[in-house]
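Build out the structure end to end from the sequences listed, making use of the hints.
The primary structure of each chain is shown beneath.
4 protein chains.
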Amino acid sequence: MLPIVPELKAKAREQGLWNLFLPDETHGAGLTNVEYAPLAEAMGHSVLAPEVFNCSAPDTGNMEVLHRYGSPAQQRQWLDPLLRGEIRSAFCMTEPEVASSDATNMAATAVVDGDKVVLNGRKWFSSGIGHPNCRVAIFMGLTDPSAHRYAQHSMVLVPTDSPGVTVERMLPVFGRLDEPFGHGEVTFTDVTLPLDNVIAGPGRGFEIAQGRLGPGRIHHCMRLIGLAEKALELACRRSVDRVAFGKPLANLGGNRERIAHARIAIDQARLLVLNTAWKLDTVGLEGARSEVSQIKALVPSMALDVIDMAIQLHGGAGMTDDVPLAAAYAGARALRLADGPDEVHLGLVARLELQKYGLKR
Amino acid sequence: MLPIVPELKAKAREQGLWNLFLPDETHGAGLTNVEYAPLAEAMGHSVLAPEVFNCSAPDTGNMEVLHRYGSPAQQRQWLDPLLRGEIRSAFCMTEPEVASSDATNMAATAVVDGDKVVLNGRKWFSSGIGHPNCRVAIFMGLTDPSAHRYAQHSMVLVPTDSPGVTVERMLPVFGRLDEPFGHGEVTFTDVTLPLDNVIAGPGRGFEIAQGRLGPGRIHHCMRLIGLAEKALELACRRSVDRVAFGKPLANLGGNRERIAHARIAIDQARLLVLNTAWKLDTVGLEGARSEVSQIKALVPSMALDVIDMAIQLHGGAGMTDDVPLAAAYAGARALRLADGPDEVHLGLVARLELQKYGLKR
Amino acid sequence: MLPIVPELKAKAREQGLWNLFLPDETHGAGLTNVEYAPLAEAMGHSVLAPEVFNCSAPDTGNMEVLHRYGSPAQQRQWLDPLLRGEIRSAFCMTEPEVASSDATNMAATAVVDGDKVVLNGRKWFSSGIGHPNCRVAIFMGLTDPSAHRYAQHSMVLVPTDSPGVTVERMLPVFGRLDEPFGHGEVTFTDVTLPLDNVIAGPGRGFEIAQGRLGPGRIHHCMRLIGLAEKALELACRRSVDRVAFGKPLANLGGNRERIAHARIAIDQARLLVLNTAWKLDTVGLEGARSEVSQIKALVPSMALDVIDMAIQLHGGAGMTDDVPLAAAYAGARALRLADGPDEVHLGLVARLELQKYGLKR
Amino acid sequence: MLPIVPELKAKAREQGLWNLFLPDETHGAGLTNVEYAPLAEAMGHSVLAPEVFNCSAPDTGNMEVLHRYGSPAQQRQWLDPLLRGEIRSAFCMTEPEVASSDATNMAATAVVDGDKVVLNGRKWFSSGIGHPNCRVAIFMGLTDPSAHRYAQHSMVLVPTDSPGVTVERMLPVFGRLDEPFGHGEVTFTDVTLPLDNVIAGPGRGFEIAQGRLGPGRIHHCMRLIGLAEKALELACRRSVDRVAFGKPLANLGGNRERIAHARIAIDQARLLVLNTAWKLDTVGLEGARSEVSQIKALVPSMALDVIDMAIQLHGGAGMTDDVPLAAAYAGARALRLADGPDEVHLGLVARLELQKYGLKR
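Chains as they are written, first to last, in our numbering: chain A, 53 to 413; chain B, 53 to 413; chain C, 53 to 413; chain D, 53 to 413.
None of these hints come from the bench; they were simulated from the model. Fair warning: there could be bad hints in the mix.
It does not matter which identical chain is used: a pair holds within one copy or between any two.
[Claimed, not checked] List of simulated lysine to aspartate or glutamate pairs, EDC-like, C-alpha gap at most 20 Å:
no. : residue 1 : residue 2
1   : K408      : D293
2   : K412      : E285
3   : K408      : E138
4   : K168      : D248
5   : K299      : E149
6   : K412      : E338
7   : K412      : D293
8   : K282      : E77
9   : K299      : D154
10  : K63       : E149
11  : K408      : E285
12  : K299      : D394
13  : K299      : D333
14  : K63       : E138
15  : K331      : D374
16  : K61       : E138
17  : K63       : D154
Owing to the predicted nature of the structure, the values given are computational and were not obtained by experimental measurement.
Here you go:
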């Protein structure tokens, strides 16, 4: 962690620019999704910003879960230090051996045994697990295969130093390990915890996961829009400043058209996300399901196109870390897969559309 | 003209659904661009609708010009019957021999001679000239080559039965003549008119043309969004109803992804146009130049993609006139060229973007 | 028909440039697919050329069918005058009410009744039916629903003046009727013909249809490549000759990149078709199934992109019939649907690819 | 370096699978470009292969330069050990401060001073400089600014241990350092060498660089085709083996269409490269300039599309190094910039096309 991060965190907290994501006035900023969206976009311009303002994934989602579903004891133990930015957290859902796009595939188990819950399984892309301040993970596993399809799984709070929890390795994403912050592969072997660590009681994992999704996607997408704006800015500066064949790059070939297309693509996407935020605020997730999937399927691809265009304008430098574009590319690319691949979201958008005309499923 | 059109016009007028485009409460509906936009979208679902509600191009633009710049006498003679839907009008700007994307190329002349103005030149894509009720055209020509670049041209009201005005032919657009409504090629040979026919006085043609553009582009784009919605609806219905290889088309190959992409593309584009309308309403054309060009460069292409997808889902029928898709395609394709080709608008968007970073032009 | 066509036909025949498509030395030119391919490309530059050299669809396919499967009597009656270019023919397979992409859907019937065959059904996109010299149609219908899936249908020679044959209407394709040459909708009502009119005997329709496909697709694709070359030539000429904003269009925006992309796309596509022709010549249709579907799914889209680019460079003129681009667009667009839509061919290509790795179907 | 590499090298050399790229029978395999192309494709399946067969860039280009332009002494000192695979080499052309797409921008100098040549400048993306066996670099610099535009530069052989040569850092490419093999940033400070180290004499740098380009682009492109084939194979295997929502991925959404498009894109691209190789072999670089630029502008993008599709099908795993796709992506992405960015090559293709119709430049 860069030494400047704790300094900036202190400053941000002091100025009240803290927990801006949490739509609760007591613990957070009490902003609606529409109100928070432009702040998330602004944070997207820098990789440091989300942590500085205590608005990093997966903490934001985890804090929301604890805020909405946690018991007072769970809140005291984990939510409060998270809200203060003293600790960080991980989220352990995706598994290497099964297609996680279909969450009912999940193979890890969270078996209730008297007043204990016993966890077993292998998770990966466990975001946040590599952070030096990570103290707790939310683990999702199968509790009762005989229950209704959406009532089989539980979410369990796991202190990361529990016996049986092993970070097997950190996963490189497009060649970047992002140590110590990156995604990990984690095994859970007979991890035995008090039953009280189950959030909201056994079998409610899916229900909780659902509620976590809408706002999280707004956050990701708005940060990507900020990232795309940053890439477009770099592309424009380069186009103006760099000369080849006696002209600024802006005056060569199709470069202006690419810049115009990027401008249009970003502005369209931002409006779509803001509209989705407004629907979430006004009619809730159930009424905004198509929109939430639309932005998830659109915005990462849009951002990748803009970033790639900016890389190309930077020549070799664009591929190095002298400019933040290659890292931005890797980050945005991961978001075409995280939280369900594009294709799953497109499938949902299409199904909702076709159901208007009588298609059954 | 279908006999149903005058019937529907009478009904629309009776119900006050009339001149909805005109942001003036006395002569029109007094709606802002934002308020009119959804009505324009609704009209886009049917080719008849614009005329039925007296909101057809090029009459809308011509009425706005007369409303804002016309003398009382000009308004009495031409604006009033246009507002009543009794006559229709044409707009004669584009020329076959020069690149009209660069309007300063214009070769036709409008020479002041004492209290007369004499018009000469060849125009084409003169929209509206083929309508049986067309009585007046607005002609744009060069008056004073020695004046400032943007003060050289004049707009002149030309009764279509003036001596020297000849409709040489109607122009097919993607094979459709759209007689008697289509675009014409018109010659003006020593057409001599009273100087009073010049709108707002000689040399103000460019200034008037500019003011005409913003709202007109909102109208075109919103109608295209309605057209794209109609195409998506047809695509969905076909996907649900038509069976091949034992399955509805919706369950074959990439069809659902195409429908989802269309849904996303339409929704994004609509938001971009509405945002542009809002900027026009609040900060005016000067502050919305990038946005107005953005929608002009985006929306026709977007609509074409959706319509083409719908055609493909309809198989052979999609190419015929049994479904309105092939005609919709031709109409939308023309709008990638009308009012300046995409490329000119992209160029403007890029220039405004690059100027933020110091590019001179 | 333009009067020049019979003149040119006579000239072509005199010079031995006649029936170049037929891989038989006695009746045709005896060329392989690889040898004929560049000639088909050359013919693609002009809409008149295929007829001039007696190489028009659907006659080419029909002549091949008669040559390979026709009885001596059938050949004498129909093949010989077709080879001499005295008559023309139609092909009646596609039906309006069923998805013809799945040919087993076919609803029309060809029922054997003693020494007669009785035809009933409605066909459309019956190519060639509108030609004034059309004398015979090949009709495909269901003969024996209890037979094996691919042995149920028959192909029958139908004199176009047979009682019960009615051309209900000619079908517009993207607004073009192409009278009298276009595609028709044809009903067959109790059309009773001698059993001898069945080609190769009842139940062999699918087998014959299959053999017809490979070379036909080479022909279509090579003509489209010629058409795309013509469009690129027009685009280049326009780019060089037309001036806007003080520069030839070639020096504006992304126009050069578009021209380069077109050059690359055409050259790639040509090589793919030539390679397919070579495979057809050397290993036959069974060994070239993927390739034949690849070109069918690729080449029309490629040609459309090039033509559309050329239209855009021509401005308004590109949409009219002053240049042959809008007509070219309509023709190429139809070929994304004719002979099976792109999606069916992509499905076949994918299946053959996936079967290499164990996928069952 | 993996220990297996020297073992495999010995084996390859023993079997005569060595220096396959060199079109000279004495020192290499004596293959034409067309003959070598499929071998380069085969090598593209593995990152180790090029070195194993002594066919790695930049050694291949450097060996060709020495073979064609080197003096007997230069050949003895550097070419022979390179041909034996005992040493490796680097190529130092690109500079960080100027747009290297326009090579006349080059700022580094190679000044002749009596019987010495003195080098100064900063180079980056100096490929091969990080290899532990790298012993010599070819440096390009400005010798005589008063000479003809293409006779100002010289190529100089620089032992990597010469005083004044400093590898400042290795450059990450999309987050991968590829140490010790990667690209370096190298400063040359008053590096003083015998004049005999200049290849073919001062002022011939451009001439030599030109000759180096054609075959090198064939090699790169064919290896990329091999890489794309590997990616497609992985995509297919994953599609067949991985199950989600109860079906193999191959049966979900648009996956089959994506696989078909990849198959078509690879096959087209391969044919284009083979055709270019044939033109190089038969008419030389001058006659194949458009083709060489066509493949350079096409093939990396094509490969990226296929690799990205394969990554998406692999879900999270696709971004890690558990499958070779993310690394393949980084490698292919670099080739959209190396040896001139796509845009420069598209510009050349367009210019040659437009010159057919009279455009001057």
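*Out of the numbered hints, which ones does the structure contradict?*
Hints 3, 8, 10, 13, 15 and 17 not satisfied by this model.
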